Amino acid sequence: EDQVTQSPEALRLQEGESSSLNCSYTVSGLRGLFWYRQDPGKGPEFLFTLYSAGEEKEKERLKATLTKKESFLHITAPKPEDSATYLCAGLGEEKLTFGTGTRLTIIP
Amino acid sequence: KAGVTQTPRYLIKTRGQQVTLSCSPISGHRSVSWYQQTPGQGLQFLFEYFSETQRNKGNFPGRFSGRQFSNSRSEMNVSTLELGDSALYLCASSLTNGYGYTFGSGTRLTVV
Chain A
1 EDQVTQSPEA LRLQEGESSS LNCSYTVSGL RGLFWYRQDP GKGPEFLFTL
51 YSAGEEKEKE RLKATLTKKE SFLHITAPKP EDSATYLCAG LGEEKLTFGT
101 GTRLTIIP
Chain B
1 KAGVTQTPRY LIKTRGQQVT LSCSPISGHR SVSWYQQTPG QGLQFLFEYF
51 SETQRNKGNF PGRFSGRQFS NSRSEMNVST LELGDSALYL CASSLTNGYG
101 YTFGSGTRLT VV
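Those protein sequence lines, which keep their order, are chains A and B. Using the numbering used here, the first residue of the first sequence is number 1, and each one after it goes up by one. Using the numbering used here, the first residue of the second sequence is number 1, and each one after it goes up by one.
To be clear, the hints were calculated from the coordinates, so they are not data collected in a lab. Keep in mind the model is a prediction, meaning the values are calculated, not measured. All C-beta atoms in this analysis are idealised placements derived from N, C-alpha and C, irrespective of residue type, glycine included. Accuracy of the hints is not assured; some may be wrong.
What the hints assert, rightly or not - Here are the simulated DSS-like pairs of lysine-lysine, each with C-alpha atoms no more than 25 Å apart in a straight line:
no., chain 1, residue 1, chain 2, residue 2
1, A, K42, B, K13
2, B, K57, A, K42
3, A, K79, A, K57
4, A, K79, A, K63
5, A, K42, A, K68
6, A, K42, A, K59
What the hints assert, rightly or not - Now the stretches of chain A that chain B is said to cover, found in silico as 3 or more residues with beta-carbon under 8 Å:
no., segment
7, 34-43
8, 97-104
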């Protein structure tokens, strides 16, 4: 059975303090690794899709990377508006399997 | 362009009742997937429809069902509601399976 595990569950950072979120996956026939951001009471908002090991994508203060077993979401010099839950999901042969997310809080 | 629209946004139902949720995908998107989100389990896949056909189904009881219409709009139905069905129900649309999933804001279902 496909599995996606995210760590840590929660992370508090000072504004400007860079860090990384981890996503470990075991997904049969992985066709893509997705990162989403979710704000309270809203649906997930698409950030990135990574398709092969070694691939990297960037958007503003976020950079996502992919290896054969893990993906990382690096956040550089975060701002309070980056506070949200970050979800990763692996697309296997039939469906997207989500991790339970990392709740990120940026303290001004 | 308009995003994925889910209605209603909030619902309160009594145990034993049934409920129908609606999802209108982005124009041109033919794939609609449904997910249940709870604090303990995260997002769990319910089912996926493409061109009015159910392509994949998650590990949920038969009380959970869905359908897709010719205009790609989708509905999901939950019969004989249980307290544990309280959750945020999300739908996502994409042009085809596997690429560019866009989520709606969800329907918050509370079963009392």
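The hints, checked one at a time:
1. Under the criterion of a C-alpha separation no larger than 25 Å, the hint pairing K42(A) with K13(B) is consistent with the structure, at around 21 Å.
2. For a cut-off of 25 Å, the pair hint linking K57(B) to K42(A) stands: about 24 Å separates their Cα positions.
3. Under the criterion of a C-alpha separation no larger than 25 Å, the hint pairing K79(A) with K57(A) is consistent with the structure, at around 20 Å.
4. For the proposed pair K79(A) and K63(A), the alpha carbon gap of about 15 Å is at most 25 Å, so the pair holds.
5. For the proposed pair K42(A) and K68(A), the alpha carbon gap of about 31 Å is over 25 Å, so the pair is violated.
6. For the proposed pair K42(A) and K59(A), the alpha carbon gap of about 21 Å is at most 25 Å, so the pair holds.
7. Under the rule that three or more residues need a Cβ within less than 8 Å of chain B, the assignment of the segment 34-43 of chain A holds, with 5 such residues.
8. With a threshold of 8 Å between beta carbons, the proposed coverage of the segment 97-104 of chain A by chain B holds, since 5 of its residues qualify and at least three are required.
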